[in-house]
Amino acid sequence: MTTTETLPLKQETDIVTIRQRVRKAAEDARLGLVSQTKIVTAASEIARNGLIYGGGGQCLIERTQREGRAAVRLVIIDHGPGIANLEQAMTDGYTSGNGLGLGLSGARRLVDAFEIASQPGQGTSVEMWKWK
Amino acid sequence: MTAKIPILKMGDYLLISIQVDMHDQLALDLQEDLTEQIVRHSAKGVLIDISALEIVDSFIGRTLSHIASVARILDAKVIVVGMQPAVAITLVELGLSLDGIATALNVEKGMAWLQRNVNEGLRVEAERDDDRDAAAETGD
Ligand SMILES: Nc1ncnc2c1ncn2[C@@H]1O[C@H](COP(=O)(O)OP(=O)(O)O)[C@@H](O)[C@H]1O
Ligand SMILES: [Mg+2]
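Quick note, the sequences are listed as chains A and B, same order.
All letters in the first sequence, in the order written, are residues 1 to 132 by this note's numbering.
All letters in the second sequence, in the order written, are residues 1001 to 1140 by this note's numbering.
This is chain A alone, in the form it adopts within the complex (with noise of 0.2 Å):
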């Protein structure tokens, strides 16, 4: 069984609404405490990144299976001006702004799957996955 939502992210708050969301899909895949923690952190790391530099979008949830385990499936896209450089983005500690730089690479490092998709003008989109 497949479910689906699509929040939207224009405003801080949604950040947070966005979080309660995608720890309530992960408790009902019945994700461990630790994946479920991993997975909303990841999932506030990149709606903000999508927020701030992206000038908001939207964040698609959805609570699926992946080779036949429970998972969670999370899509964050904009329509800001996209990453230039993705390498230099996604290296710890790099920041264009006044963060730590921690949030695509740390991102990456919490979920099962990660794939990030720019193009300079056109925004950015990215998916993340963690599974039982």
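Worth flagging that the hints you see were computed from the coordinates, not collected in a lab.
Just so it is clear, the structure is predicted and the values come from calculations on it, not from any experiment.
The C-beta atom is built at its ideal place from N, Cα and C for all residues, glycine as well.
Certain hints may be false.
Partial chain B-side listing against chain A, Cβ under 7 Å, derived [stated by the list, open to error]:
| no. | residue |
| --- | --- |
| 1 | Asp1021 |
| 2 | Ile1055 |
| 3 | Ala1086 |
| 4 | Ile1089 |
Keeping only pairs whose Cα atoms sit at most 25 Å apart, straight-line, the calculated SDA-like set for lysine to any residue is [as the list claims (entries may be wrong)]:
| no. | chain 1 | residue 1 | chain 2 | residue 2 |
| --- | --- | --- | --- | --- |
| 5 | A | Lys24 | A | Met1 |
| 6 | A | Lys132 | B | Ala1086 |
| 7 | B | Lys1004 | A | Glu12 |
| 8 | A | Lys24 | B | Glu1093 |
| 9 | A | Lys132 | A | Arg30 |
| 10 | A | Lys10 | B | Lys1009 |
| 11 | A | Lys10 | B | Leu1028 |
| 12 | A | Lys10 | B | Arg1062 |
| 13 | A | Lys24 | B | Asn1117 |
| 14 | B | Lys1009 | B | Asn1117 |
| 15 | B | Lys1004 | A | Thr13 |
Assemble the complex: chain A is given as a structure, and chain B with the ligands must be docked to it using the hints.
Okay, now just chain B with the ligands, sitting in the frame of chain A:
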């Protein structure tokens, strides 16, 4: 958004228990309020209970670090208590070290740490005064 994180004063200490999932502005407001109250009350120690926090991401982590740095400049000790194990594990993997932030398992241990460290600070100051007196006596 008018909700604020309450800051309680107890003697020389300020106590905060974060009970809500903070959006970023709320975390920044807390940082500002706390700075102001440390000054207003000449607080010597700050205890921040995060046992109800289900995640600490890089923004919250950075805010806690800022609070600790500012408090240090204002001569107050900060201790963060009650971090859930799953949160601690996640923080490490995220790459956040929270360097320079003292932590304790629970409120009791945190208070004991504050009492020790604040008193320690006072004792060192007193010794320095003694040294000065001694120096004055020997005439240099
Ligand atoms: N959605 C996005 N749109 C445009 N640029 C982004 C986006 N996400 C990340 N970036 C760029 O990648 C950098 C690194 O991001 P991150 O690792 O989250 O660190 P931080 O948010 O602390 O800067 C950002 O400073 C920004 O330049
Ligand atoms: Mg970021």
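Quick rundown of the hints versus the structure:
With its C-beta approaching chain A no nearer than about 5 Å, B:Asp1021 sits inside the 7 Å limit, and its interface hint holds. Evaluation of the B:Ile1055 hint against chain A yields a held restraint, the C-beta minimum of about 5 Å falling below 7 Å. Restraint check, B:Ala1086 versus chain A: the minimum CB separation of about 4 Å is within 7 Å; hint holds. Hint status for B:Ile1089: holds, given a least beta-carbon distance of 6 Å to chain A, under 7 Å.
Between A:Lys24 and A:Met1, the direct Cα distance comes to roughly 16 Å. Compliance with the 25 Å bound is thereby established for this hinted pair. Restraint check: the Cα-Cα separation between A:Lys132 and B:Ala1086 comes to about 16 Å, which is no more than 25 Å; the hinted pair holds. Of the supplied pair hints, the one linking B:Lys1004 and A:Glu12 holds, its CA atoms being roughly 16 Å apart against a limit of 25 Å. A hinted pair counts as satisfied when its Cα atoms are at most 25 Å apart, and A:Lys24 with B:Glu1093 qualifies at roughly 22 Å.
Proposed proximity of A:Lys132 and A:Arg30 is supported: the alpha carbons are some 8 Å apart, at most 25 Å. With a C-alpha separation of about 37 Å, the suggested pairing of A:Lys10 with B:Lys1009 is violated against the 25 Å cut-off. Among the hinted pairs, A:Lys10 with B:Leu1028 is consistent with the structure: their alpha-carbon atoms are about 19 Å apart, no more than 25 Å. Using a Cα cut-off of 25 Å, the hinted pair A:Lys10 and B:Arg1062 holds, with the two alpha carbons roughly 23 Å apart.
In summary, the hint linking A:Lys24 to B:Asn1117 is not supported, as the alpha carbons are separated by about 41 Å, beyond the 25 Å threshold. With a C-alpha separation of about 18 Å, the suggested pair B:Lys1009 and B:Asn1117 falls inside the 25 Å cut-off, and the hint holds. At roughly 14 Å between alpha-carbon atoms, B:Lys1004 and A:Thr13 fall within 25 Å of each other, so this suggested pair holds.
Hint compliance for this structure: hints 10, 13 are not met, and every other hint is.
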